[in-house]
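Here's the letter readout for the chains.
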Amino acid sequence: MTPFAREQWYVIAYAHEVGRELMARTVLGEPIVLYRTEDGKAVALADRCVHRRYPLSESALVGDTVVCGYHGFTYDTKGTCVAVPGQSRIPRTARVAAYPLVEIDGFVWIWIGDPARADETAVPRAEHLTAPGWVTVKGMEPIACDYGLLVDNLMDLSHETYLHGGYIGTPEVAETPITTEVDAEAGVVRVSRHMADAECPPFYSRSTGIDGRIRRHQDIEYFAPCLYLLHSRISPVGQDAPLFRTEITYAITPGKPGEVYDFWAVSRDFAVEDAEVTEFLAKFNHTVVMQDVTALNLLQRALDAEPAGYQELSINIDAGGLAARRMLAGLAAR
Amino acid sequence: MTPFAREQWYVIAYAHEVGRELMARTVLGEPIVLYRTEDGKAVALADRCVHRRYPLSESALVGDTVVCGYHGFTYDTKGTCVAVPGQSRIPRTARVAAYPLVEIDGFVWIWIGDPARADETAVPRAEHLTAPGWVTVKGMEPIACDYGLLVDNLMDLSHETYLHGGYIGTPEVAETPITTEVDAEAGVVRVSRHMADAECPPFYSRSTGIDGRIRRHQDIEYFAPCLYLLHSRISPVGQDAPLFRTEITYAITPGKPGEVYDFWAVSRDFAVEDAEVTEFLAKFNHTVVMQDVTALNLLQRALDAEPAGYQELSINIDAGGLAARRMLAGLAAR
Amino acid sequence: MTPFAREQWYVIAYAHEVGRELMARTVLGEPIVLYRTEDGKAVALADRCVHRRYPLSESALVGDTVVCGYHGFTYDTKGTCVAVPGQSRIPRTARVAAYPLVEIDGFVWIWIGDPARADETAVPRAEHLTAPGWVTVKGMEPIACDYGLLVDNLMDLSHETYLHGGYIGTPEVAETPITTEVDAEAGVVRVSRHMADAECPPFYSRSTGIDGRIRRHQDIEYFAPCLYLLHSRISPVGQDAPLFRTEITYAITPGKPGEVYDFWAVSRDFAVEDAEVTEFLAKFNHTVVMQDVTALNLLQRALDAEPAGYQELSINIDAGGLAARRMLAGLAAR
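First to last, the sequence lines map onto chains A, B and C.
Position one of the first sequence corresponds to residue 1 (the numbering used here), numbered consecutively onward.
Position one of the second sequence corresponds to residue 1001 (the numbering used here), numbered consecutively onward.
Position one of the third sequence corresponds to residue 2001 (the numbering used here), numbered consecutively onward.
Because the hints were derived from the structure by calculation, they are not lab data.
Think of the CB as a built atom: it goes at the ideal place given N, C-alpha and C, for glycine as much as any other residue.
Treat each hint with caution, since some may be false.
To be verified - Covered by chain C, per the in silico footprint, the following chain A stretches (three or more residues, Cβ under 8 Å):
| id | region |
| --- | --- |
| 1 | 157-163 |
| 2 | 171-177 |
| 3 | 287-301 |
Unchecked claim - Quick list of the computed label-pair ranges, beta carbon to beta carbon:
| id | chain 1 | residue 1 | chain 2 | residue 2 | range |
| --- | --- | --- | --- | --- | --- |
| 4 | B | ASP1269 | A | VAL82 | 40 to 48 Å |
| 5 | C | PRO2171 | B | ASP1269 | 55 to 63 Å |
| 6 | A | ALA15 | C | PRO2142 | 44 to 52 Å |
| 7 | C | ALA2144 | A | GLY212 | 53 to 61 Å |
Could you build the full structure based on these sequences and the hints that come with them?
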């Protein structure tokens, strides 16, 4: 299993998902309850009452406090217990963890680690998600697999040809060699695949209107552990313009061991007023994501049944994924 | 996990559940098959054939004998094997355990432990269940939780305010302090909560017809490990009569580890001819019990996912539950 | 759990099940993908891509090669990798195991063990399955039990009286003693039960037309570990002819630990043109097999819940099953 890297920011939710209903998510094995105060501020607390470990997400939100649904222990936004049943004295140790949150680019980021150290690490950015002139479609799928399998999947796009053939993959993706670059200090792995003359898959032909062959550039930036950006650039072969820019964003958030939240978004700066293109991309990319979900669920079940010490065989296309694994191991070991 | 206390009587079934169909239940991890002889006597045998461990509950009841559904090993009401296939000689060791049973108060009690010692311990009584002048509604729900969680639940009624608000709970239950008394010799824990002036919850307003505020007394007697009685007394504030008496009975029978049978009954000595009240209490209390079932299933799943050595924080309301846990630990250690 | 015996032939499929669709089965814990080449030759490869362990059974069959559905690693019928994405050099270690297969008597047999030693052991035969003058009905049911439980079941037919009463069992089966013979060198256990005057069960009365009592001979030959033959001979009491011959074949193939493939077939040399008899036997025997499946699933769950070191009590009828267990233990230990 890929080790969990603490002392890091992770996407726990889209901003629009968090509201006045209590919501449960588990990040790096920690159960968390999310909600917004009456003033609209997002709050994240440990999702277990100090009394008998009842999930606070099964509680009532009263004003800005959470009232445990079992015996009424009441917590404020800092996780401090402010009321208990049957007595006025509240034990000093009655508090649950409150998590640092940052809301930006349409994401709610949570700091898993020592809260005092949250300020030392910048939240990674995906500005195109909310920038003017860009339109985004998005979703989230939980997958029952080690989060490292999703990192592997995204770092090696040669699988587009086989798993997503007829959707986003064409023969050229698997055929074209990649270049890989590791910036250990910044914690970024970059993988590029530039196809000078490639078939145009339906994903792009139907969104851009191009009907011939294309120049297709895929430039990945993986900001370990959570944020993955694929800068996709398309233009008809033989002409430089128009250049169609698509930014494909993934936030890869480990849930429990063997579970991962797969936040996905597709942003474009063309045909931004065209609702049909928007609807097409939302549906089509969801289908593509579900192909990955199905394959990764299956792969995890296969790996779970393998005897210990099974072997992998890596080739050139795996350079990015292997670099990502080393970086994650380093972050986890710190 | 709360340890199992052997050498004790447990409710395995309501008397009306046991008949001429073989019936399987598991108590303290022991699989048991139950039936009645042609003369109406309840019988309990170990539910595994000595031959190949096939469940005898999947067998045929022929007269008063059980004929194994796989190869025909035949047992009498003492568990002695009286026939085997293909030979007339029956091995001397061919017998399954027969369990002492006592049928009383509408319950079938089973002795889990050395049968020779069953007579040393009296069967706890709940006479109101069948006494003249009382009417009872009842049921049984299996819960996928440690039986200690159900004991906790019942010993601390402050949860009525939160989990059963609008049914049996009102603010006064959680607000009013309790008194606790432990009779270690008799093996009884008593918890009392006397509310002088409280809101009347629907459970009582609709069964008694009271429409104002009430004096409400809750007096718990827990006869560890299995029998729990809640003596509930209600009267309108400011008048001593009429006094409405409700006896709420639970039998808490550990099944497999992590499973418990929750036998529940509500007995009253008022409106005993009123079928509408009977029907109301049967439905309404089932709803209340299912609120507990849902919460305890959920709590157990949450605890199962907790890292080992998780902490609880106890306050005054937990005095009864903690005393019960100590008593159960003592019984189990004997 | 009954240990697995490697270096043996096992039935992995009926010949008619293997075609131009990739098909997954697991034998002795080894995941295997099966298909036929364009020339009709059956192929069996390890069902895990060398690259990232993706199941090859989720791949595409292109000509005679298997193209992994995740990243396109391509294997020929020998398991040799002949193409990988993004590069022309193929690592020398890129190969998956190819299994020796023999197709005979309507079965596809697979050799689990060192392929170089497959020729040293003859494939057991069940010639009646495809011989002229015989008609066969057949099927396969997976059972969630230790394969040893199915061997036990088939070696001791006294269970016909109880589990299959009204179908194939009558009182005489359980009453009649057996004779057992073990040929350790040939690896065969033989169990015979000859009933001189027995009730005729529906299985035989409806297929043969006999309406009185019968002479009934059951002669089992178990060729450990996989092939079981029951030579059944029926004739009306008091006359030698006509003699109705039925060959009942089982192939017992361990899948994963705790799972077994139950291949079953009923062959007859009478009423071979009678489609109604064929249809009756197909349906009726499926019902009988499902009675075993249900019982063995149940028995395994019961055994899984037993504390370690549970006891069995064996009697004369178990002589064949115990001999089979000893033989399997010997084969596994080699």
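Here is how each hint holds up against the structure:
By the rule of at least three residues with a Cβ nearer than 8 Å to a Cβ of chain C, the coverage given for the region 157-163 of chain A holds, with 5 such residues. For the region 171-177 of chain A, the proposed coverage by chain C is satisfied: 4 residues have a C-beta within less than 8 Å of a C-beta in that chain, meeting the threshold of three. For a cut-off of 8 Å, the count of residues in the region 287-301 of chain A with a CB near a CB of chain C stands at 3, and the three-residue condition holds. In this structure the supplied range 40 to 48 Å holds for ASP1269(B) paired with VAL82(A), their Cβ-Cβ distance being about 43 Å.
Separation of PRO2171(C) from ASP1269(B) is about 57 Å and conforms to the stated range, judged on CB atoms against 55 to 63 Å. Distance hint check for ALA15(A) and PRO2142(C): the Cβ-Cβ separation is about 48 Å, which falls inside the suggested range of 44 to 52 Å. Evaluation of the 53 to 61 Å hint for ALA2144(C) and GLY212(A) yields a pass: the beta carbon distance comes to about 55 Å.
Comparing the model with each earlier hint shows no violations; every hint is respected.
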